[in-house]
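A.B. asks: For this one, chain A is given, so just place chain B on it according to the hints.
From first to last, the protein sequence lines are chains A and B. Numbering follows the numbering used here, with no gaps: position 18 of the first sequence is 44. Numbering follows the numbering used here, with no gaps: position 230 of the second sequence is 256.
Just so you know, these hints were derived from the structure itself, not from any lab. It is possible that part of the hints are untrue.
Because identical chains cannot be distinguished in the list, a pair is counted as satisfied if it fits within a single copy or across any two copies.
To be verified - Here are the simulated SDA-like cross-link-like pairs (lysine to any residue), alpha carbons at most 25 Å apart as the crow flies:
#, residue 1, residue 2
1, K98, A190
2, K98, G123
3, K99, G123
4, K250, L128
5, K196, D231
6, K98, L30
7, K99, F173
8, K250, I171
9, K250, P126
10, K196, E51
11, K193, R214
12, K193, E170
13, K193, L30
14, K196, V57
15, K193, T53
There are 2 protein chains.
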Amino acid sequence: MQRLLGVLGGMGPLATVDFFRKVVEETQATVDQEHIPLIIDSVPQIPCRVAAVLREGESPVPQMLSGIMRLKKAGAECIAIACNTAHYWYDDLCEQGGMPILHIVDAVATELERTARADAPLGLLATEATLEARIYQSRLAQREIDFIINTPEERAELILPAIALVKQGKPQQGGELLDHALGLLQERGAGQYVLACTELPVAVDAVSSLHRAHCIDATRALAKASVRWSLQT
Amino acid sequence: MQRLLGVLGGMGPLATVDFFRKVVEETQATVDQEHIPLIIDSVPQIPCRVAAVLREGESPVPQMLSGIMRLKKAGAECIAIACNTAHYWYDDLCEQGGMPILHIVDAVATELERTARADAPLGLLATEATLEARIYQSRLAQREIDFIINTPEERAELILPAIALVKQGKPQQGGELLDHALGLLQERGAGQYVLACTELPVAVDAVSSLHRAHCIDATRALAKASVRWSLQT
Numbered sequence: 027m028q029r030l031l032g033v034l035g036g037m038g039p040l041a042t043v044d045f046f047r048k049v050v051e052e053t054q055a056t057v058d059q060e061h062i063p064l065i066i067d068s069v070p071q072i073p074c075r076v077a078a079v080l081r082e083g084e085s086p087v088p089q090m091l092s093g094i095m096r097l098k099k100a101g102a103e104c105i106a107i108a109c110n111t112a113h114y115w116y117d118d119l120c121e122q123g124g125m126p127i128l129h130i131v132d133a134v135a136t137e138l139e140r141t142a143r144a145d146a147p148l149g150l151l152a153t154e155a156t157l158e159a160r161i162y163q164s165r166l167a168q169r170e171i172d173f174i175i176n177t178p179e180e181r182a183e184l185i186l187p188a189i190a191l192v193k194q195g196k197p198q199q200g201g202e203l204l205d206h207a208l209g210l211l212q213e214r215g216a217g218q219y220v221l222a223c224t225e226l227p228v229a230v231d232a233v234s235s236l237h238r239a240h241c242i243d244a245t246r247a248l249a250k251a252s253v254r255w256s257l258q259t
Numbered sequence: 027m028q029r030l031l032g033v034l035g036g037m038g039p040l041a042t043v044d045f046f047r048k049v050v051e052e053t054q055a056t057v058d059q060e061h062i063p064l065i066i067d068s069v070p071q072i073p074c075r076v077a078a079v080l081r082e083g084e085s086p087v088p089q090m091l092s093g094i095m096r097l098k099k100a101g102a103e104c105i106a107i108a109c110n111t112a113h114y115w116y117d118d119l120c121e122q123g124g125m126p127i128l129h130i131v132d133a134v135a136t137e138l139e140r141t142a143r144a145d146a147p148l149g150l151l152a153t154e155a156t157l158e159a160r161i162y163q164s165r166l167a168q169r170e171i172d173f174i175i176n177t178p179e180e181r182a183e184l185i186l187p188a189i190a191l192v193k194q195g196k197p198q199q200g201g202e203l204l205d206h207a208l209g210l211l212q213e214r215g216a217g218q219y220v221l222a223c224t225e226l227p228v229a230v231d232a233v234s235s236l237h238r239a240h241c242i243d244a245t246r247a248l249a250k251a252s253v254r255w256s257l258q259t
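This is chain A alone, in the form it adopts within the complex (with noise of 0.2 Å):
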């Protein structure tokens, strides 16, 4: 008996579709009756997590837990957040819902489990605001797992402008910036990266990029993780 799981969505919607998908794709199943159940709250009108993390806006907490209360409302009993940067407030979020969430990095540090490189550090791509946030430096550090990120001017010239161009539908040339940018880890020892922000699968997958097999996607490592969750594996 497979187990329901939440999703706290919107933030934007579009990644929300595409951690769906990827949930989707991620299960062995041959008809419907074998996918896993999923009840998904996609309400956008929660403030800016970006902005709340550079303490420059209001912030999304209040929002994010009424999302959580309707998933529970609805009988959900384990959450999983399509957004990375909303992780910052994962301690709060598990406190004051009252209700177990996977998280992104335990999801993303399984898959590195697996596919480990103790030769080389790992390349960690992400937004100001998700580094700001240090949900990822602190649990791979807790794993003694070594990484490198991109230069302030580096993810000022090559990665933030990869991810707006995939919010205007055009990834390709988003992944052609988003390629240049893991040359340039590579350059420095990297053998092995992390997309951290929900837009960067997206570029990445639009262009024919070397570094593509080496390249974690933290959405849809959340995806087999839900999976996991769901059917107890």
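C.D. replies: Just chain B now, with coordinates in the frame of chain A:
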């Protein structure tokens, strides 16, 4: 202020992903917060709708009502059902669910009103179960819209295999069969087509069919109706 729409999905899960994506695409929005709020129930443990319509399996109504109840508890004010065949039980679901439900054929009819061609009948492409359920025939007849359908042989040799190929991840091969089925309806006078099964738009999008511009996608029509309802326009 946007109103919260509940989506009864899971029939099947990928069709629900497709519907969700089309809702996002059909919303005029420049930031996350302008997208409409949705809560999606994708619990695929629902008995097969096709078998039930053909009186060869148990009723899916109790499970569909459970989904509507979950959405109601979560605060949804209206329901959209991301499955054509499920509308066979529309009256029961409205009555027993105690919630307004957007009807997929009404959504298609709204699109037809905008693009109607009085000079040629409509070609209706659907499964045996959707035709047997008569959800399209009765509502099109009420609006005095003439329509033609494929022969049983064409459905068996072209439409059903096209749907199966999409479910197997081969939309291009499915699209070639569907293009042939569209061409046969054109030879018999059809000037416009309704793709009344959630797999058919995926197939036609995968090939460069000359008929594409004359096809109404029932999934997208319901997505547009959902956005209009939420924005009360």
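A.B. asks: All hints, please: hold or fail.
C.D. replies: The hints, checked one at a time:
no. : hint          : in the structure
1   : K98 <-> A190  : neither (33 Å within a copy, 36 Å between copies)
2   : K98 <-> G123  : both (9 Å within a copy, 20 Å between copies)
3   : K99 <-> G123  : both (12 Å within a copy, 17 Å between copies)
4   : K250 <-> L128 : within (11 Å within a copy, 33 Å between copies)
5   : K196 <-> D231 : both (12 Å within a copy, 19 Å between copies)
6   : K98 <-> L30   : both (10 Å within a copy, 17 Å between copies)
7   : K99 <-> F173  : neither (40 Å within a copy, 44 Å between copies)
8   : K250 <-> I171 : within (21 Å within a copy, 47 Å between copies)
9   : K250 <-> P126 : within (17 Å within a copy, 35 Å between copies)
10  : K196 <-> E51  : both (24 Å within a copy, 14 Å between copies)
11  : K193 <-> R214 : neither (29 Å within a copy, 43 Å between copies)
12  : K193 <-> E170 : neither (34 Å within a copy, 43 Å between copies)
13  : K193 <-> L30  : between (30 Å within a copy, 24 Å between copies)
14  : K196 <-> V57  : between (34 Å within a copy, 16 Å between copies)
15  : K193 <-> T53  : between (27 Å within a copy, 14 Å between copies)
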